[in-house]
Amino acid sequence: MDRVDTTVDGDALRIYCNDHLAASAGGIGLVRRMLDHHVDDAYEPQLRELLAELQEERAALAATMTAVGIRPNRVKQLVVRVAEKLSRLKPDGRLGRSPLSTVIEFEFLTGAVLLKRAGFETLLGLSEVDNRIDAGLVTRLVEQADRQHRWLGEARRQHAAEVFGGRAERQDDASDT
0 MDRVDTTVDG DALRIYCNDH LAASAGGIGL VRRMLDHHVD DAYEPQLREL LAELQEERAA
60 LAATMTAVGI RPNRVKQLVV RVAEKLSRLK PDGRLGRSPL STVIEFEFLT GAVLLKRAGF
120 ETLLGLSEVD NRIDAGLVTR LVEQADRQHR WLGEARRQHA AEVFGGRAER QDDASDT
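Quick note: the sequence shown uses numbering that gives the first Met the number 0, first residue 0, plus one each step.
A hint or two may mislead.
To be verified - Pairs of lysine to aspartate or glutamate, DMTMM-like flavour, derived with a Cα cap of 25 Å:
id, residue 1, residue 2
1, K75, E106
2, K75, E55
3, K75, D18
4, K75, E168
5, K75, D39
6, K75, E161
7, K75, E127
These aren't lab readings, by the way, just hints derived from the structure by calculation.
The model shown is predicted, which means the values in this text are computed figures rather than measured ones.
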């Protein structure tokens with residue numbers, strides 16, 4: 000028999016999960032765009048791996064939502080996809096792509112991975128009162144997000160040092176946020 004905490008606010012959980020599902024579409028779109036600009040360079044292999052993991056995480060979140068009876072909000076997902084595409088129009092001082100674009104993209108992804116990780120932690124906590132959520136899977140996704148965050152932080156620091164000069168060294172725990 001399923002263990003389900005009936006005190007959980009179903010509407011809040013539906014909105015929360017749909018927000019994370021929609022955000023995942025934006026992250027996937029950004030990594031795809033970055034791959035267009037990092038063909039045959041040092042970032043390409045890790046970006047390809049990141050893309051595959053983000054797609055897997057999105058599928059895992061969608062499956063978890065289905066397991067707990069939450070339907071995806073297609074409108075919210077569409078809005079995020081459109082917003083991601085509109086973000087490409089933001090000028091950064093050049094007509095074409097500039098080195099600053101990669102710095103900003105890595106900064107955005109670094110923060111987004113922390114938000115995603117927090118979402119997985121929330122689901123992990125919920126798995127203690129709702130066995131429809133696969134705690135083992137969510138634990139693995141939290142660990143995967145930690146690894147992604149470490150790499151993105153390193154890539155961000157390295158690229159920022161290439162663009163602006165200075166050191167690519169990590170300063171403290173808060174330097175990757």
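Each hint, compared with the structure:
Note on K75 and E106: the hinted pairing holds, with a Cα-Cα distance of about 24 Å set against a maximum of 25 Å. With a C-alpha separation of about 20 Å, the suggested pairing of K75 with E55 holds against the 25 Å cut-off. The straight-line distance between the Cα atoms of K75 and D18 is roughly 8 Å, inside the 25 Å bound, and the hint therefore holds. Of the supplied pair hints, the one linking K75 and E168 is violated, its CA atoms being roughly 38 Å apart against a limit of 25 Å.
This hinted pair does not check out: K75 and D39 have alpha carbons roughly 34 Å apart, beyond 25 Å. At most 25 Å may separate the alpha-carbon atoms for a hinted pair to count; K75 and E161 exceed this at roughly 37 Å. Proximity of K75 to E127 is assessed by CA-CA distance (about 28 Å); at most 25 Å being required, the pair is judged violated.
The structure fails hints 4, 5, 6, 7 (numbered hints given earlier, in ascending order).
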